[in-house]
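Engineer: The chain contents come next:
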Amino acid sequence: MDYKIIPSVCSYCGTGCGVLFQVMDGKLTDTLPMKTHPVNEGKLCIKGWNLHEHVVSDKRLTTPLIKKNGEFQDATWDEAIQTAAEKLKGIVSAHGPDSVGVLASAKITNEENYLTQKFARAVIGTNNVDHCARL
Amino acid sequence: MEEQMKKWLEPFSTTDGKPSTLATMQEQVKEWIDQDKIDVFLGYKMVQGHPLPHFFTKNNLDEVDELIGGQARYSLEKIATKIAAEKPAIKIGLMVRDCNQRALNVLYVWNQLNPENVETINLNCCPSKLKKHADCSYLEPEKAAVYKKEVGIDNNMDVEDAEVFDMEQRFKRWMYEFSKCIKCYGCRDICPVCFCKECSLEHPELIATGTLPPENPIFHLVRAVHMGGRCIDCGLCEDACPVDIPLRLLYRKVNATVEDEFGYETGTHADQSPFNLLGDEVTLEPKPL
Ligand code: SF4
Ligand code: SF4
Ligand code: SF4
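Residue numbers (the working numbering), protein chains in the order written: chain A, 54 to 188; chain B, 487 to 775.
Some hints could be false.
Claimed, not checked - Pair ranges (Cβ atoms, derived):
1) B/Asp-757 - A/Asp-127: 53 to 63 Å
2) A/Ile-99 - B/Asn-642: 21 to 31 Å
3) B/Tyr-662 - A/Trp-130: 49 to 59 Å
4) A/Trp-130 - B/Asn-642: 49 to 59 Å
5) B/Asp-522 - A/Asp-78: 11 to 21 Å
6) B/Ala-575 - A/Val-153: 54 to 64 Å
7) B/Asn-597 - A/Phe-172: 53 to 63 Å
8) A/Lys-120 - B/Gly-696: 28 to 38 Å
9) B/Asn-642 - A/Leu-156: 43 to 53 Å
Claimed, not checked - Below 30 Å or equal to it, Euclidean Cα-Cα: the simulated DSBU-like pairs (lysine-lysine) are:
10) A/Lys-80 - B/Lys-669
11) A/Lys-80 - B/Lys-577
12) A/Lys-112 - B/Lys-573
13) B/Lys-669 - A/Lys-112
14) A/Lys-57 - B/Lys-568
15) A/Lys-57 - B/Lys-544
16) A/Lys-80 - B/Lys-531
17) B/Lys-531 - A/Lys-160
18) A/Lys-80 - B/Lys-683
19) B/Lys-568 - A/Lys-112
20) A/Lys-160 - B/Lys-669
21) A/Lys-100 - B/Lys-568
22) A/Lys-100 - B/Lys-666
23) A/Lys-160 - A/Lys-140
24) B/Lys-669 - A/Lys-100
25) B/Lys-683 - A/Lys-100
26) B/Lys-516 - A/Lys-80
27) A/Lys-80 - B/Lys-523
28) B/Lys-573 - A/Lys-80
29) B/Lys-531 - A/Lys-57
No wet-lab data here; the hints were simulated from the structure.
On a predicted model such as this, the values are computed, not experimentally measured, just so you know.
All residues carry an ideal CB built from backbone N, CA and C; glycine is no exception.
Using the sequences plus the hints, can you model the full thing?
Structural biologist: So, in structure tokens, the structure goes:
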């Protein structure tokens, strides 16, 4: 029997509401709004209330997929990264770096977002960088 | 913010008349856990500067020294209900304010928790229609702003105040309030006495889907009707509502009707509710075809 309440921050958008995760015997079962959090003061939108669902969802991908012959197939990370790199290279050399756009994310850290834009600018060579949660 | 923080850390007093300190409460909890009277105690602890709900068990008995009665209210009984649903035999101790106790009574009536498996330590608090003495300043309502007063409903109104408006005004004002709803379901999700497996609010044949605000006023009226004989006036829904709809007032009106018609004061005791049609056993015979 192991119960925990774990404070965290909602990763769905840039607002950054304080949430509490309820964990029972190692399983994430519920999300609650953190009542003393200065951002949301005990309120959440529907996405925040259901944060735990995307963690425990059956639909969640647990391995990279590569589309072969029109169908997604399980792949290793090495294969997936290799494929992405090759395709990106091909597109950049055929159509120029500005044919690529990079979308950063609210679900990753500040540092990862920094790396993402660095990748766009320094590796691909484009200023086409935006963020999925530019609310 | 700092002022508020101080409030949350204030020591508590118990409602059973005995003078009490944090230390005696902690001792009591340790004793219960030590003697296997309870398997888990639900209380509060400061975590990263926030008073958060916390589980105390034999595995972290030392932490009981950090148990506080912090005044940020969470529905510990809702958490308890979810634990009991997974492990029906578990014995749970709870720190309860008046509202938590009323919710427990309703949960007992509706067989969501077994009173024999629940121990409580009572704290003072909560101004409410059902229990007037109060020292939970956390619940001091915010003042309504000018625009809301002009076109909506002030959350601090009593049922009687809100009925001073004529019918047309009343409908307009409530519809203004409902029109702000972002259908987050926070009011339902946080409610200690909302435990239905299938919620009517999500039923596409009862309430149209796919638009914001939700179909009004039906969305709010369905919830209001379902709160008759259930709502224990804790105000957690209103606290959780991102758009400040006076939900508590709405459900008070519903429960005033329940009290007038059935003499039933929701949550004040754990006796049968007039709405609980089924007994422990279903005795109805199906009619011959
Ligand atoms: S998605 Fe909703 S709950 Fe999450 S941070 Fe944004 S507003 Fe808050
Ligand atoms: S006041 Fe709101 S949260 Fe509390 S019992 Fe009533 S409906 Fe539920
Ligand atoms: S908490 Fe407020 S906004 Fe959210 S569904 Fe309930 S009434 Fe609507």
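Engineer: Need the list of violated hint numbers for this structure, in ascending order.
Structural biologist: Violated hints: none; all satisfied.
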